[in-house]
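Enquirer: Residues per chain, in single letters:
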Amino acid sequence: MPDTLLFYVLSGVAIVASALVIGQRNPMYSIMLLIVSFGALAGLYITLDAPFVAVAQIIVYAGAIMVLFLFVVMLLNAPQEDAAEWDRTHPLRRPGMARVGALLAGLLIIQLAWALMRVSALVEAPVAGRGDAAAISSVRALGRVLFTDYLFAFEATSILILVAMVGAVVLARREADR
Amino acid sequence: MIPLSHYLIVSAALFAIGTAGVFLRRNLITILLSVEIMLNAVNLTFVAFGRSQGTVDGQIITFFVMTVAAAEAAVGLAIVIALFRHRESLNPDAFTSLKW
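Note that the protein sequences, when read in sequence, are chains A and B. So for the first sequence, this note's numbering puts the first residue at 366; every next one is plus one. So for the second sequence, this note's numbering puts the first residue at 138; every next one is plus one.
To be clear, the hints were calculated from the coordinates, so they are not data collected in a lab. Just so you know, these numbers come straight off a predicted model, no measurement behind them. Every residue gets a Cβ at the ideal spot worked out from N, C-alpha and C, and that includes glycine. It is possible that some hints are incorrect.
Reference listing, derived: stretches of chain A covered by chain B, where coverage requires no fewer than 3 residues with Cβ under 8 Å from a Cβ of chain B [claimed, not checked]: (1) 367–378; (2) 413–421; (3) 424–431; (4) 467–481; (5) 499–510; (6) 522–534.
Computed spacing ranges between beta-carbons, pair by pair [said to hold, decoys possible]: (7) B:P140 to A:F517: 48 to 54 Å; (8) B:A231 to A:V510: 43 to 49 Å; (9) A:L468 to B:V205: 30 to 36 Å; (10) B:P140 to A:G508: 26 to 32 Å; (11) A:A521 to B:T233: 32 to 38 Å.
Next up, chain B with everything else stripped away, as it sits in the complex:
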C-alpha cells in the first residue's frame, strides 16, 4: 500500500508548482490559476492526513477550503475585470500604482 509520505510528496510538488507559477507567470489569470493549484495541494494534504488518522476532519476542512477558493476566485476575477477595464492589459507590471 501507499505510505502517507508519497501523498505528501505529491502535495509538496503541486504546491511548489503553484508557487513557481505565481512568481514566473505575468498574466493575472494564470497567477490566479496558480493560487488554485496551491489550494488543491493543501487540500490533498488535509485529506491524506485525515485518512491516516481515521477521522473525517480532513475532509471537512477541505470543504471549507473549497468554499474559500470559490469566494476568492469570484472576487479575484472581479478585480481582474475592473483592472482590465482601466488598462486594457493583464500584465501585473501595468498595475504598479495604487491610484491614477
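Isolated chain A, as found in the complex:
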C-alpha cells in the first residue's frame, strides 16, 4: 500500500511540475520546476528497482544539464517583457488552428488508450515487487552488460560526446575569432 501511494504521489508531482514548466513565461521558473519533475522521476525509477538510473538522473539531469540551462539563461539575460506579446501572436492561438489541434490531441489520447487496451495481458501484470529485483538492480549486473553486450554502443557514445563538445565550442565562438 505505501508503494502504491508513493507511485501516485510521485507521478502526480512529475506530471504537474512538467505541465507548469510549459506554463511559465520566465525560463528561470521553468528550469526550477523541471528539476522538481526530474526528482519525482528519480523516485519513480527507485520504485522500478533501478536505483543507479535514479542516481544518474539526479546527478546528470538535475545536476549537470539543468545547471547548463540555468547558466545559459543567466548568461543571455533573456528579455522577459515581450513574452506575453509572443503568446498573443502565436499562430496556434487562432480559433481554427486551436480546434484542429484539440481534435488531434483527443485522437492521440484515444489511440493510446486503445493500444493499451489491446496488449492488456502484458501491461496489466504488476511491474515491480517480484523476486528478481536483486538481479537487475545491482550496479555489478548493469556494468557487466554495459561493457560486454553494449560495448560498441558505449564506445560510440564517447565519440558522440567528443563531437558534441567540439561542435559546442565551434558554435558558441565569437564571429571575430574566425
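Once you have looked at the hints, place chain B on chain A.
Expert: Positioned in the frame of chain A, the structure of chain B alone reads:
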C-alpha cells in the same frame, strides 16, 4: 502492486506535455526544456518495460538516452547563444531566414 500500464500512462502524459511545450512555447530555452521532458518520458518507458521483462537492457538504453540528451543540450544551447548574439531575441519567429 502497480501494473505496467500505469507507468506507461504517466510516460504518455509526460510525452504529450513535452510535445505541447514544443508547439506552444515561443522561447528557445523553454522549447529545449520541453524536448528534455519528452526524452525523460521515453526513459521512464524503457525502465518500466525493462523491469517488466526482468532485464537490465532498459536501464542501459536509458544511460545512452541520457548521454545523447547531454550532448543535445550542449549543442542546442550553443546554437541558442549564437542565434541570440545575432538577433538579441529568443523568439523562434525571429529566425525564419537561413541566411542574413
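Enquirer: Taking the hints in turn, state whether each one holds.
Expert: Results of checking the hints against the structure:
1. 367–378: holds (count 4)
2. 413–421: Our answer is that it holds, as 6 residues pass the Cβ test (under 8 Å) against chain B, meeting three.
3. 424–431: holds (count 4)
4. 467–481: holds (count 5)
5. 499–510: This one holds; 5 residues, not fewer than the three required, reach chain B with a Cβ under 8 Å.
6. 522–534: holds (count 9)
7. B:P140 to A:F517: 48 to 54 Å: Violated - the Cβ-Cβ distance for P140 (chain B) and F517 (chain A), about 35 Å, lies outside 48 to 54 Å.
8. B:A231 to A:V510: 43 to 49 Å: The hint (43 to 49 Å, Cβ to Cβ) holds, given that A231 (chain B) and V510 (chain A) are roughly 46 Å apart.
9. A:L468 to B:V205: 30 to 36 Å: Since the Cβ atoms of L468 (chain A) and V205 (chain B) sit about 33 Å apart, the hinted range of 30 to 36 Å holds.
10. B:P140 to A:G508: 26 to 32 Å: holds, 30 Å
11. A:A521 to B:T233: 32 to 38 Å: Cβ of A521 (chain A) to Cβ of T233 (chain B): about 35 Å, so the range 32 to 38 Å holds.
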